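Visitor: Listed below are the residues making up each chain.
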Amino acid sequence: MTKIKTQFKRRSFLKISAASGGGMLIGFSWLNGCAPAEDPGVAVPNEWFDINGYIKIGDTGMVTIYSPNPEIGQNVMTSMPMIVAEELDVPWENVVVEQAPLNTGFYQNQFAGGSLSIRLSWNALRMAGATGRRMLMEAAAKEWGLTVDQLTASDGMIKEINGDRVIGYGEVAGKAVGIEVPEEVDLKEIKDFKLIGSSKKNVEGKKIVTGKPLFGLDHKSDEMLVAMIEHPPAFGMKVKSFNEEEIKGMPGVTDAFIVDAALEEPARFDVNAFPQLIAIVGKTTWPLMQAKNALRAEWEEVGVLESSDIHAERIAQAFKTGEISESRRDGDADAAFEKATTVIERAYSSPFMAHNCMEPMNFYANVTEDSAEMIGPTQTPEALEASVAQLLSLPLENVTVNMTRIGGGFGRRLYPHFGVEAAAISRKVGGPIKLMYTREDDMTQGTYRPIYESRYKAGLDEDNNLIAFSVRGAGLPDGPVFPNRFPAGAIANYTAEKIKGDTNLSTGAWRAPRSHFTAGAEQSFLDEVAELAGKDPIEFRLELFDRAKNSPVGKKYDYDADRYAGVLELVKEKSNWGESKEGVYRGVAAYFCHSTYVAEVFDMVLENGEPKVQKVWCAVDCGIVINRDAAKNMIEGGVVDGIGHGMYSELTFENGASNQKNFDNYQLIRHSQAPKEIEVFFVENEIAPTGLGEPGLPPAVGALANALYKATGQRYYHSPFATADQGQKKMMG
Amino acid sequence: MAEYNIRVNGKNQTVDVDPSTPVLWVLRDHLDLVGTKFGCGIAQCGACTIHIDGVAMRSCITPISAIGDQKITTIEGLSQNADHAIQKAWLAHDVPQCGYCQAGQIMSASALLDENPTPSDDEIDAAMNGNICRCGTYTRIKKAIKTAANS
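Read top to bottom, the protein sequences are chains A and B. Position one of the first sequence corresponds to residue 1 (my numbering), numbered consecutively onward. Position one of the second sequence corresponds to residue 1 (my numbering), numbered consecutively onward.
The hints are simulated quantities; they were obtained by calculation from the structure and are not laboratory data. The structure displayed is predicted, hence computed values, not measured ones. Among the clues, some could well be false.
For each label pair, taking beta carbons as the anchor points, the in silico distance ranges come out as [as the list claims (entries may be wrong)]:
(1) 65/B with 241/A: 32 to 42 Å
(2) 129/B with 463/A: 43 to 53 Å
(3) 83/B with 301/A: 14 to 24 Å
(4) 301/A with 55/B: 41 to 51 Å
(5) 92/B with 341/A: 53 to 63 Å
(6) 92/B with 191/A: 25 to 35 Å
(7) 265/A with 7/B: 24 to 34 Å
(8) 32/B with 301/A: 38 to 48 Å
Backbone N, C-alpha and C fix where the C-beta goes; we use that ideal spot for every residue, glycine too.
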């Protein structure tokens, strides 16, 4: 049994006053209260007992588990409590889940990003459950005059090993007042897991399908006003003035002003191209939308108004003179290319893209003289708290942040500027407001996925062995290369260079940052190299993993060759790779990022001459799987997202502004373009779990490009594949 | 401003709003029915889908003045207790990820099944193509529609 040190500051059980639920910890009961995870297995309690900030037990045996991290659709609100419930050993039917507020003094890593929620909280969540179980057992032991080792606890019941006495968690919780938090607790053996690895439904599923208020945009409070903004129409512009009096005089508008949300010391996530905004405030939304249409503003040019042509020139320039921010060099690639019998060079590119969370940016702020209450959708509540505190010159403890369910993250909500703007507007108005962006505000605000280009070169010897490989990748503002990732370590002569460029568009992390592009480029390139070498694409990769494992080249590389090969072997088996079907064209890719390995095989068909992904097989190694069906859902979503953005999505620029401002000309994947079937298989092991929010996406772009080649006979280098010119320009200078 | 008497989810409601106000904002701001979502404001994403006399419509571009005596049904009025066949199928397939678009998806899907109880894949695509799911739950949505159709 694994022992783990507990880290709770609380000394003992705290008895809590009678109530039906919600808000015991820090007065957090603003929206939901307690909601049964599924159909509750027990009655609603009259009394609750706070165990440790993650767990609250009711006198009927109902258990509230607090989910610490933001829920952006990655389903942590179900999977994180499952981990606590596993170690507490309580029937899932007895569990209700609540979103915890930001509490930096208690929880750690309360953010949603980098596919890190489960990975970083695995131990803390297990410890919370195990500590609760141990303390309940101690209470029962005390009650019965026994020692803890004379008891067992499972399924919410404590039993005497050599006797008949039985007591439920709910009953014993009331007797546990004064029980000390143990210094060390035992964790379950992985083989004894009952909940972890099973499939539990989304705890908010029923609320979602019945339209209950869950999201930031759904939040309301008494006296709350609605605020909308107008930011400059182009990057490189700043607001100067607007027809303030006219706007203020419009029906339904209570105030209009220029608001400054600039921070003197911006932190990592304080990305914002437009800190000065026109704000319009009123009681309801529609009059504000009309007022936005009636705005006549004067904008000031303060920087270059960039265009797609300028971006292309900047990328080309970056390859010539750009700063190399990371690199790796093994052997002598130039010399090896000279010796090679066959050399292949290819360039891959991808445009700027927007996140396009379905729920537009919004936040509720209620700023007073000495406090700020913030409620809404953020992936980084802690960063938001700090930025709001800085803006308002308030101590951190005077800023509270509560997280709503979030209508999509994808990296967009790592950047809390919209929350900071809400706070600035609330301060000016002197009361609570909910700021909301329109779709156009959202899509043109920036924080974009950078534009990328990568240039790959490979050299084969006369026996078709890959003896030299180089990749140089540039982007605005940074390149998409991971120098120590595959195929580093597998090729004798290898160079990788990540190159910086320049733009005044604001950019940010976009689901699987850089990996989503690199996987597409590298996995298509390797497919083409394998074909040139006359090798099966899976066998070709497996040979490289073999090499990396058995005779690694150079310094340490950033992947486990066995696990990488493992997902390829699994997807090969599950998809019956090698079998050919009339009219079905197959592509494969594998990628490792965010600590998870994923391999995918795509079956493509031509429908009325149009290529369409029909079926997808995915093999995933994320260590221990927490919530199996939800984990599959994540991978399925990643696949669809990869196909969508690989095929259809792009932003183009003229005069500093994107040509695409809404979904009429920014294309996102739709029902008819999605695969009919996606099968997901997991490598079964006992490795500590890693995340799934991002890793399903990157290989999809590669498998898509490779299947497209088989279906059409043409290689796809430039996304969006459906519309971009696929020609190879002269690139190596 | 003008007064409108409308019937929403079987209840008579009176609202005093500008005639151009989209039904979406009447529901969300005036009637506290926030299950219907704002996504694009130009009828391109389907998050705001409601039923008007049983037909799936985009409430973000439908002005209140166009409603007259037509009956409005929103996600809140689709069933009493999440027991519409479509809602049950959504739960059975655990469709949602972020969940934001799902009310619109469900309203489009339920209108489809009312009109065509056994839709083919192509018919599902045609009826659902106006509803974007940014999380990419399309495969599950299609399965859920088929499950509901067979129930």
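Visitor: Against this structure, judge whether each hint is valid.
Guide: We went through each hint and held it up to the structure:
1. 65/B with 241/A: 32 to 42 Å: 35 Å, holds
2. 129/B with 463/A: 43 to 53 Å: 51 Å, holds
3. 83/B with 301/A: 14 to 24 Å: Once the Cβ atoms are compared, 58 Å apart, the range 14 to 24 Å for residue 301/A and residue 83/B is violated.
4. 301/A with 55/B: 41 to 51 Å: 48 Å, holds
5. 92/B with 341/A: 53 to 63 Å: At roughly 57 Å between Cβ atoms, residue 341/A and residue 92/B fall inside 53 to 63 Å, so the hint holds.
6. 92/B with 191/A: 25 to 35 Å: At 30 Å between Cβs, range holds.
7. 265/A with 7/B: 24 to 34 Å: 55 Å, violated
8. 32/B with 301/A: 38 to 48 Å: 44 Å, holds
When each numbered hint is compared with the structure, violations occur for hints 3, 7.
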